[in-house]
Structure formats: C-alpha cells, structure tokens
Amino acid sequence: MVRFWQRHARRFVLPIGGLVITGLMLLPIYFTIESSLAPSSSFQALSQSLVPSHFVLSNYRMAFDQESGSIITSLLIALGAVVLSVGIALPAAYGLTKLGYLKSRAVVSVAIIVLLVTQMVPGISLTLAFYKLFFHLHLLNSIPGLILADSTNGMPFATLVLRAYMGSIPDQLTDAAYVDGASEWRTFRSVIAPLAVPGIVTAGLFVFLFAWGDFLYAYTLTAGGNVTPLTKGILSFFTNNTVNWGGVLATVVLAAIPSGLILSFGQRYVMGGLRAGALKG
Amino acid sequence: MNRKLPREELTPPERRATWSVRAKVGVNEAPTLARPADYGHDTSGRPARRAGLWHWVRLHQRQAALLAFVVPALTYVILFFAYPLIYGFTMSVERIGFIAQSGPFIGFHNYSVEINDPVTREALLNTAIFLVASLFFQFTIGLGIASYFSRRFFLSGFLRSLIIIPWLFPPIASGTIFAIMFAGQGGIIDETLQSLHLISSPIFWFDSSFKAMFVITFVNIWIGIPFNAVLLYSGLQDIPNELREASSLDGAGAWQRFRYITAPLLRPVSLIVIMLGIIYTVKTFDLVIVLTNGGPDNGSQLMSTWAYTLAFQNFQTGQGAAVANMLFVFCMIVAFFYIRATRRDVAAAA
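Just so you know, the protein sequences line up as chains A and B, in that order.
Count along the first sequence from 1, then add 956; that gives the number in the numbering used here.
Count along the second sequence from 1, then add 900; that gives the number in the numbering used here.
None of these hints come from the bench; they were simulated from the model.
Just so you know, not all the hints are guaranteed correct.
Said to hold, decoys possible - What follows is a set of in silico ranges between Cβ atoms, one per label pair, in the way DEER data are often shown:
no., chain 1, residue 1, chain 2, residue 2, range
1, A, 1066, B, 1114, 23 to 29 Å
2, A, 1153, B, 1107, 49 to 55 Å
3, B, 1150, A, 1136, 29 to 35 Å
4, A, 1136, B, 1001, 47 to 53 Å
5, A, 1014, B, 1164, 36 to 42 Å
6, A, 1180, B, 1013, 22 to 28 Å
7, B, 1001, A, 1099, 21 to 27 Å
8, A, 1014, B, 1056, 37 to 43 Å
9, B, 1164, A, 973, 23 to 29 Å
10, A, 1094, B, 960, 38 to 44 Å
11, B, 1013, A, 975, 28 to 34 Å
We treat Cβ as the ideally placed atom computed from N, Cα and C, and that holds for glycine.
Turn these sequences into a full structure, and let the hints guide you.
Spelled out as structure tokens, the structure:
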C-alpha cells in the first residue's frame, strides 16, 4: 500500500487532491457565476441544480441597466487613483533609492517606516476627518474627493513596490547617465522610468484593485449623494432588491471582472507585488 | 567636468563588483536573509578619500535634488495621513453631534463614555474573537494549502494561481455572495444542509449575535486564506530542500522535519503574515455592513463599524472618533511590532 501510494501519488493522488482543494475554495465563485446565468429570477431555483439546464443573460442585462453609471464612476476613480498614486510614488521611489546610496540611509529608513506605518492606519480613523474636511472643501460626493481618499490605500504601497523594484535596476546605468552630465530629473525620466515599467505595472495594478474594491470611502464620503461607485451600488442593489438575487450576483460578477483580468494577464506582477510589498518593506 | 565623481568615491570598487555580478547573474536573495553589507552602498564610517569642499557641495546638491523627488509623497502623507489623524483626535475631544459641525472641548469625556458603553465592550470582544478565530484558521488552512502545493505535481502551478481569486475579489462582492448563500430561507447553504438531512428546519443565520459573528468570521477566513497561502508558499520555497533531505537521511520523520526544520525557518515569514493579517482583519468594515449591518441589535458590531455607526448614524461623532482612535492606537501597537520584526529588511533596503 505504501509503495502504491509512493508510486502513484505524484501522478494521480496529488493532482486530484489539489483539484478538490481548489474546488472547495472556489465553490462560492462557481455558485455566483452559475446563479447569475440561471434563467429563473426566483431565488428558490438557484440551489435546485448544480448545473443549470440553459444559460440566459437577462440578469446581466438588468445589472448593466442598473449599474452602468456606477461602473463608469468606479473606473474613473480607480484610474484617477492610479495616476495620482503612481505619479507621486514613482519619483519618491527614485529619490529614496538614490538617497540610500548617498550617505542618507537614516532618511530612507525613516521614510520606509513611515510608509509601512501609513499602510496600517485603519481607514475608519481617517474617514471621519475626511468627511469633515471634505464637507468644508466641497469634495464630498465627488469623484476627485474619492480619488484623493482612495490613494491613501495605494500610494504607500506603490512607493514600496516601486522602490523594491528600482533596487534591482543596476546602478551603473544611472552612473553612466551621471557621467554623461544628465541631471537627476533627466536620469529619472529617460533612464529609470522606462526601465521601471514592469514595477509601474505592478504598482498600478494594485492601486487599481484597491481603489476599485474600496467600499469604506465610497460608502462614507458619498453619503446621501448621487455619486455611486460600484461597491456602493452593489450594496444598495442588494439591500433594495430581495427578489432578483440573480441580478445582484450578475453585478458581483461585473465587479470581479478586473480581478479576473488581472489574474489572467498580470499574475506574475501580482505575485511579485505581493512579495515585494509584504516582505521587502 | 570634474572627472573625480563623488559617486565613485562613495562606492568602493570591490563592492561595486559584487553588486554588478549579482545583477548579471540575477541572484535573488531571500528577503529575510538579506544582510545590509551585501547591498554595498553603506559608506558610513569610511572617510571619503578625497574629501574636499567641492565634493561636499556636490554630494549635498545631489541629496537636495533627490529630496525634491520625495516632496510630493511627503506632502501627500502630511495632508492625507498626519493631518486627518490629528484632526480626528481633536474631533474625539469635542462634543460633536452631526459630523460636519464643531463642538466644545470636553477633554477625554468621549473616551470614558465609550469605554463604559456596553456596545463598545461588545464590539471590542467581537473584534477580539473575530481577530483570533480569523487568524488561526486563515493561517493553519493557508499553511496546509501552501505545503500541499509546495510538492510540485501536474497542474499545481495552475491550481495555485486559481486559489488567489478570493483575495482579489472586492470584499463587498464576496460579502454579497455569502449574504445570499447564507440567506435564511432558500439560501443555498440551508438548502444543502436540509437536503443532506443535517438540519430539519432552516437556520436563520443572522438572528443571533453568535451566528452573525460566525458568518462574518467564516467569510473573512475564506478571503484571507489565499493571502496566507501565497506568502507561506513563497516562504516554504525559500527553505533549502537540502535541509529537509539531510534531516530525513538522519532519520527524521515528517513531523520532526516540520517541527525542527520547516517551522523555525518559516518563523520570520509567519510573523509577518500574521501581523499583516491582524491589520487587515482589524480594519474589516465592508463584510459586516453587507452581511449584518452590525445587527442584530448591535450584536455583530466590530470597532470599525461601531465607530461608523456612532458617527454617521447615531450623530455622536465625538464618540465615534474616540472609538476610531482606540482602533488606531491598537493598529499602531501592531505596527510597532511589525516594524521591529522587519527592521533588518528595512535596514537592508535603505
């Protein structure tokens, strides 16, 4: 028996076990997709069969009718947060990387610690003050306001990821630019920024996902207003609609599309970012 | 142009050599094993060989130019972290009703009111139980998955990449999925349990504090498993296989290999994973709002949602700010230990 196990484990048993583990983890997602495509809008039918007899798109049509405005709002916010966060993070990462070479390690250590700490500030502790400040600055219930607030999630992370990435660019390149008389700005713009594109993609993907998935600021800083990011839209769709849960689940699928795309096309960036952001500081 | 470049003086040639070889060969060091000296740019304590006024000026010019690159980030951190946190503190020592108003200074009254409020105590207890249960199961299940997938087999890479999906979902989306699955009548979980004859009548998952907290914790565990699994997997990959092989040649069994090789070497990564898990978990907000909205009767409030409820729904903003600040202080204590645990990496990175 032991020998049988040893001989066949790698070929059959391990993959089957792996499939079972993955299947269990993804069961809720399967349920979501299946229910969003199921023909009946009555909820009782959802659990009747594991595989629906045929698929319809009516739930998605309904989700689009209901939520297309919030999809656009969320896209604008997420893209704005990417531009703002990466726009701030990229030069900062360059400055911190080069300062580390120039007798300024204490400055860099402090900066890294500050960035790590900002990631640990709970959003609820910020959002009360944001609400009051934005109220007076007329930024409540506005897309720019949400871009500014959502960047609190993305900016520190983007800086850390980009800094970790720039550390892997050989410094002979910047030395060469320096020897040729390039200014720091020129070196940054023409040498480092083009080389840092993979790092920029990683940072941008994460900032996008953070802002796209943000609920706290979307919920609090638009209270009572008509700017509705998709996360807030899902909640109101769900709480106002106890009949057609298929439509709600179709909206959930739409909200998950960016994650799915990133998983399909950007996985190595995600994995790299996870490790760089979490471990390398 | 002065050919004596400060840059060359600052970086000793022998270190530059190792650095460039490292870059060419592409040797990736395990982050936790990185030593500051290997990064080759530490010149503190070394007298500049041709130090002169000119050199000093050039060095400081460059430092000033580089600091300018950091100024936007610094401005953002001051405006969107430091200032709101200070502002939030001043809100917590005032009597404020509606959030946009200001009120008279009342010292730490809001804090003492909230510490004696039974709902705050329940929220604190809920948060503690939620935290411990989430972390325990996320970590153990994540570690199980990580070690299972660290044995390479057919499809392992593909399946491993699918497992991170729950973590990439917007939490509000995951919360909505489970809110529908756990629905009291006609929810798929109740239906399944009934058809398996495990229960005779539907369970109403959200009618008691205990069940509501169970559901919230369950969903949070599901969300957190991938994060733990991915980081622990990479931690396992960093452990040299030779160590395990050597110990099994010495007659160590699977448990002994785990106990004496894997566990101690995985400790640094585990610490970081757990501390990041604490931070993510303690911030949880969306799940509670969509699953229970803090109910029934405030029975599933966490500190974060309770601060929100006080400020935005009960119009007791001062007290809400006090609760939010208590949560902030807790997070900063965790942050302190996180920085301490990673300080070698920070030093190496600088």
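Each hint, compared with the structure:
1. A:1066 x B:1114: 23 to 29 Å: For residue 1066 of chain A and residue 1114 of chain B the Cβ distance comes to about 43 Å; the hint is violated.
2. A:1153 x B:1107: 49 to 55 Å: holds, 53 Å
3. B:1150 x A:1136: 29 to 35 Å: violated, 58 Å
4. A:1136 x B:1001: 47 to 53 Å: violated, 59 Å
5. A:1014 x B:1164: 36 to 42 Å: violated, 57 Å
6. A:1180 x B:1013: 22 to 28 Å: Given a distance of about 27 Å, which is inside 22 to 28 Å, the answer is holds.
7. B:1001 x A:1099: 21 to 27 Å: Roughly 26 Å apart at Cβ, these two residues keep to the hinted range, so it holds.
8. A:1014 x B:1056: 37 to 43 Å: holds, 39 Å
9. B:1164 x A:973: 23 to 29 Å: holds, 27 Å
10. A:1094 x B:960: 38 to 44 Å: Taking Cβ atoms as reference, residue 1094 of chain A and residue 960 of chain B lie about 42 Å apart, which means the hint holds.
11. B:1013 x A:975: 28 to 34 Å: For residue 1013 of chain B and residue 975 of chain A the Cβ distance comes to about 54 Å; the hint is violated.
Hints 1, 3, 4, 5, 11, counting from the list given before, are not met by this structure.
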